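Could you build the full structure based on these sequences and the hints that come with them?
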Amino acid sequence: MDSPTFDRVADADRYEVISGGFDSHLFARAAIGSEDRVLDIGCGYGATTRLAARQASQGHAVGIDIAEPLLAQARAFAAAEGIRNVTYQTGDAQIHPFPEAGFDVAISRFGVMFFADPVAAFANVAAALQPGGRLVFTTLGPPEGNDLPRIIAAAVTEQPVAVLQSLADPERIDEVLTKAGFHDVTIDPVETSINLGTDAAAAAEFIVGWGGAGWPDTARDALVAAARPFETPGGVLLRSTAWLVSATVHP
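Taking full-length UniProt numbering, the leading residue of the sequence shown gets 1, the next gets one more, and so forth.
Hints in this document: simulated from the structure, not taken from any laboratory. Given the structure is predicted, the values throughout are model-derived calculations rather than measurements. Here a beta-carbon is modelled for each residue, glycine too, at the ideal position from N, C-alpha and C. Do not take every clue at face value.
As the list claims (entries may be wrong) - Derived DEER-like restraints, expressed as beta-carbon distance ranges:
1. Arg54 / Val9: 32 to 40 Å
2. Arg228 / Gln89: 36 to 44 Å
3. Arg150 / Asp7: 36 to 44 Å
4. Asp199 / Ala79: 19 to 27 Å
5. Asp117 / Glu144: 35 to 43 Å
6. Glu68 / Glu16: 18 to 26 Å
7. Thr232 / Arg84: 40 to 48 Å
8. Ala127 / Glu35: 39 to 47 Å
9. Gln130 / Thr198: 46 to 54 Å
10. Leu237 / Val156: 33 to 41 Å
11. Asp169 / Arg75: 19 to 27 Å
As structure tokens, this is what we get:
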């Protein structure tokens with residue numbers, strides 16, 4: 001349960017700072033048509049679902065996530081923005097009973113890295129796509145290309161680094177998708193920068209406030225120290241890399 005002071009709107013803004021720089025790559029590759037039916041996997045606060053709904057103006061976008069509190073905020077955002085062709089569903093995409101061939105495009109912005117059984121999960125997504133349907137997603141790149149996880153690791157000893165890197169190897173991505181029934185797998189590196197604030201103290205405040213997670217008392221000082229090497233006149237700038245992946249279902 002959230003603490004009484006936890007602000008989900010602010011948290012959604014933080015997440016966009018972290019991940020929003022990859023949207024242009026994701027949507028250029030997805031090439032969503034005006035009448036497409038779009039599935040957004042692991043949609044979180046639903047920003048990418050709403051972007052998809054705007055592009056599929058005569059179609060529909062469905063966002064799915066296991067976290068109902070995030071989806072409640074996503075629905076509020078959609079209502080405030082007047083977006084009516086969007087639906088948010090609580091569920092686990094790896095086992096959710098999607099309508100067979102019910103979607104033209106499936107997208108995900110860093111939402112496919114947490115599957116317990118990636119092959120089964122992507123096979124379930126493939127079954128939800130019409131023949132010739134497209135899957136496009138981003139997944140975290142190799143550790144050496146991503147500064148934020150290293151800063152966080154300096155402050156806490158237990159982080160799900162292995163989970164975050166579960167699809168960081170392009171050969172594994174290709175193998176998983178092929179076994180799941182996809183073909184024409186394309187994997188390209190993409191990169192952006194993240195500005196966490198004016199200085200290391202602001203960056204630490206950003207991280208501590210992100211996600212509503214509990215942090216040890218020593219975390220803030222450790223985060224400040226870890227962020228300090230990334231201070232620039234333009235703020236605390238971090239490198240962030242990802243794999244942009246696309247594949248299709250056999251027609």
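Status of the hints after comparison with the structure:
no.: 1; hint: Arg54 / Val9: 32 to 40 Å; result: violated, 20 Å
no.: 2; hint: Arg228 / Gln89: 36 to 44 Å; result: holds, 42 Å
no.: 3; hint: Arg150 / Asp7: 36 to 44 Å; result: violated, 27 Å
no.: 4; hint: Asp199 / Ala79: 19 to 27 Å; result: violated, 37 Å
no.: 5; hint: Asp117 / Glu144: 35 to 43 Å; result: violated, 28 Å
no.: 6; hint: Glu68 / Glu16: 18 to 26 Å; result: holds, 20 Å
no.: 7; hint: Thr232 / Arg84: 40 to 48 Å; result: holds, 42 Å
no.: 8; hint: Ala127 / Glu35: 39 to 47 Å; result: violated, 21 Å
no.: 9; hint: Gln130 / Thr198: 46 to 54 Å; result: holds, 48 Å
no.: 10; hint: Leu237 / Val156: 33 to 41 Å; result: violated, 22 Å
no.: 11; hint: Asp169 / Arg75: 19 to 27 Å; result: violated, 36 Å
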